[in-house]
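Each chain, letter by letter, is given below.
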Amino acid sequence: MASPTPVTVSIALNGQPPQQVTVPDSSVPLLYVLRNQFGLKGPKFGCGFGQCGACSVILFGEIARSCQATIDAIQQLMTLYHIPLTAPISVTTLEGLGTPASPHPLQQAFLDQQAGQCAYCANAMIMGAYSWLGGRIAAGNMAVPSVSEVEDFLSNSVYTDPFTGAVTPTPYLCRCGAHVRFVSAIQEAAKGMA
Amino acid sequence: MLDKKINRRGFLTKSGALVVGFSFVPAVASFLTPAAPALAGADTNSPDQAGSGLAIDDPASGDAWLAIDASGGVTVYCGKVELGTGVQTALSQIVAEELYLSFGQIVTFIQGDTSVTPNQGYTAGSQTIQGAGVQLRQAAATAFQALLQLASQQIGVAVPALRAQDGKIGIGHNLNRALTYGQMVSRQQIQLALDPNAPVKNPTDYTIVGQPVPRVDLPGKVFGQFSYVQDVVLPGMLHGRVVRPAGRNATLVGVSPLSSGLAGSPQIVKKGNFVGVVATDEWAAIQAASQLNVTWNPGAPLAATDDGTATARASLMQALQNPANTFNTSKLFSTGDAASGLAGAKKTLQATYFTPYQMHAPIGPSCAVADVRSSPDSNGIQATIWSGTQGIYQLQGAIAQLLGLPTSAVHVIYVEASGCYGHNGADDAAADAALLSQAVGAPVRVQWMRPDEHAWEPLGPAMVHALQGGLDSHGNVAAWEHSLWTQTHSTRPGGRAGNLLAGQELGFAPQTESPTGLLGGRNSGVNYAFPNYLVTASSVRSFTTATSGSTTQTTNLFPRTTALRTLGGFSNTFANESFTDEMAMAANADPLAFRQQYLSDPRGLAVLNAVATAANWKAMPWPTTAAQAQSTPLFGRGLAYVQYENNFAYVATYAEVLVDPTTGVVQVTHVIVAHDCGLIINPDGLKNQIEGNVVQATSRTLKEEVLFDANGVTSTTWAGVPTSNTWSIKYNPGPSYSILHFTEVPTVQVVLLDQPTQPALGAGEPTSETMAAAIGNAIYFAIGVRLRELPFTPATVLAAWQAALGL
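Order-wise, the sequence lines are chains A and B.
The numbering of the first sequence is this note's numbering, which starts it at 1 and goes up by one.
The numbering of the second sequence is this note's numbering, which starts it at 1 and goes up by one.
The following block holds chain A by itself, in its conformation from the complex (with noise of 0.2 Å):
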């Protein structure tokens, strides 16, 4: 077993300034980061693989799933993109989005839908679509997406390899069966996001 290697790395969370972080094993993916050292609820554990999408965060402005993002793979891919190690980590989480008195677009429509019966995947789709719909509005598509442009999103969004390029159909997943209504309050969101 290798011996873990400690790091300190910045880290500017939902527009905060950068906070250092010291974690004792570089390989620590930045959701256990989130987590255990800032406190967060919004990224969830789900399955540890990136199959799920319940521990979503927006990572240097991407759609990323925190429990594959390593420090290690965080910092090879800013050293990718010509950032220095020292810059601060990006990232925006469920939290970061609104509050109760000033809700994302999404958060309120969720609430309008009752989307969600347990809800942990909330998380998931909640940023996964705020990603989305940022991404066709930012490239000047201001049509409210179609049931079947949701589902696809939500069923085959593709996850594009920062170091590879290679593509893989990521699906988010929900067990409770709240799809429907996800499918709605993500069509009502695109509305108030345009």
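Calculated from the structure, these hints are not laboratory results.
Wrong hints could be hidden among the right ones.
Computed spacing ranges between beta-carbons, pair by pair [stated by the list, open to error]:
1. A:Asp72 with B:Gly73: 46 to 56 Å
2. A:Ala166 with B:Pro794: 21 to 31 Å
3. B:Gly404 with A:Thr164: 36 to 46 Å
4. B:Thr545 with A:Gly165: 48 to 58 Å
5. B:Pro602 with A:Ala101: 44 to 54 Å
Heads up, the beta-carbon is just placed ideally off N, CA and C, and yes, glycines get one too.
Based on these hints, arrange chain B on the given structure of chain A.
Below, chain B without anything else, positioned relative to chain A:
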């Protein structure tokens, strides 16, 4: 007599309170003359059905249902817990209604805590609304009658002159001289026994019940503020992971020590066949567990396997039906003489149906936190457990035995987990955390990893059904016989350490299997008036035990099974309602008309008629041969009907499918459900539940099958993995246990038949029971091939179709 637990809650202080309890002596509130509580006997026959009527499972366990404090705050104590189905919202509506609270007035809901909530049995079997709902309504009605008396005394007018609204009671329409509930109970200490005869509101006066009140728990969940059990953090808490045996019957040979200098100072915990690691850091615990070098003696192989092939499937069915593996056969329903009815029939049919092992597979794997101390605290508590269990009291006893503590020294606190849909790994994870905490002397959080849940959670059992039916010369049903084979559908903790995975690894004996505890018979009977009708259930033995001294070695014959949503109802209804279509076809009758012919209950007929109207149902000719493959997908539609437990909610379901002739892919395109569960508490919450049942049961119908070899479960992850990159954590994907993806979800139309004057019935499960048959019946109309084994995967559909065409 002041109860210790009431004191602990701090209600009976100088500021005053009114408390409605279960075990209070009525004389305490001497200004009232409440009837002594006449309590129905709890149904102890079935742990999944306990907690109905006005009785609680253990009167000594808890005392209060409901309290109103001097600030007017209303607190409800509920032994039933929120599992993500919205019962907290619905139960709060029931209480607010009987207490004449305002629409938005908060009812504080304290759930699932062995120190403060009553023992209402497991939260399971769609029993919460129809059981606890009735109990809480009566508690609120008891409190309201007392408030009327208090108002009468304090305002100085007779009760009939009083009116209540928005948490106040005053005189006449304008509520003159009104007092708030808080003012009335101020500086009083009133304990009331629940009065089973306290008058309740007339449903026609309801203003809160029947309204689509938004879920109280959802805002916290969409803003990332809600604490699931996975979010519980204690000071000084360590992280644990368990290394489970290499096989279901493997025994521990040895564990190599961890190398020194590892992050998080991991330590190994070893007890019997239980092996775990504990570290200060979660990732360190994961790393240490995955790298731990453990040697196992493989032990006896399981009696059957399922690798998804037809061959393995056939031998699994054979093993389940093998008399050597069964220990009991019971008649569940019997009318007339099925054997002679079949013998005298003009036409007879027989068919065998099968459903595989399926898993609960929560999106968040099971998690628990335990704080086990070396000595008890001032309340006598030595072990505190935070768990997503469905039965806090039943887990309490099991953990006590596991740790060697008195039951009263164990405090179990329910914290909501990811939706469980039955007895998943929640209780087992609690046992893991308790053992690790006891071993290391610090609070420990155990988060099962995905393969822990997929491979080790107790499963919904596989079931085999042999159906026989006879028709007379007029095409009327002359006989119906259903024989089923199944393992147990309940191995919940039940106060026994041996019912917990870690307990078995320590050598505790699991609960002896008895026919009455099997519970596989749910909805094995039909509600059709068939003459000469017989249902028998054969109980398949799950394990054998050998006891030596205080240690019991359990040898598993089949995978460990337990309660999965509907218990046997999903599989039994698949068999019954598919075979009903087979009988209808043999009688050359329309599936709708055939069901109507044998159903007399007007509420049953009403849901059938409602679904037929919504679907614009028209009789179609029965396909008599397999359809020739065409270039476009083939359309079919099917019906299924059930009355939950033959006694409760009524459901009729219509499903449309498209079957792709080139791939065998079945797309369930549209589903209509007509649903009557009596009085509707919250129509939107109910609709949400029905939609969820449709989607989850469609998933179970089309995709779900636990694969296992002689050592145990091999389908240990979801499908769909980003592979071959530095970004992802390396792992070697084996077979998957996959659930429905969004593109596979049907549109869902729900028709609610409200019955305001009828009791409210549970809706958490009934619709699930209908889905597999509705889909299978639709597939038959699409391709003319009867599918009798779940799941309807593309490969199995294509194979059955090609076989029917002689290809």
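Right, here's what the structure says about each hint:
For Asp72 of chain A and Gly73 of chain B, the Cβ-Cβ distance of about 51 Å falls inside the hinted range of 46 to 56 Å, so the restraint holds. Distance hint for Ala166 of chain A and Pro794 of chain B: a CB-CB separation of about 26 Å, consistent with the stated range 21 to 31 Å. For Gly404 of chain B paired with Thr164 of chain A, a C-beta distance near 54 Å fails the hint of 36 to 46 Å. In this structure the supplied range 48 to 58 Å holds for Thr545 of chain B paired with Gly165 of chain A, their Cβ-Cβ distance being about 56 Å.
Range check, Pro602 of chain B to Ala101 of chain A: about 51 Å between beta-carbon atoms, so the 44 to 54 Å window is met.
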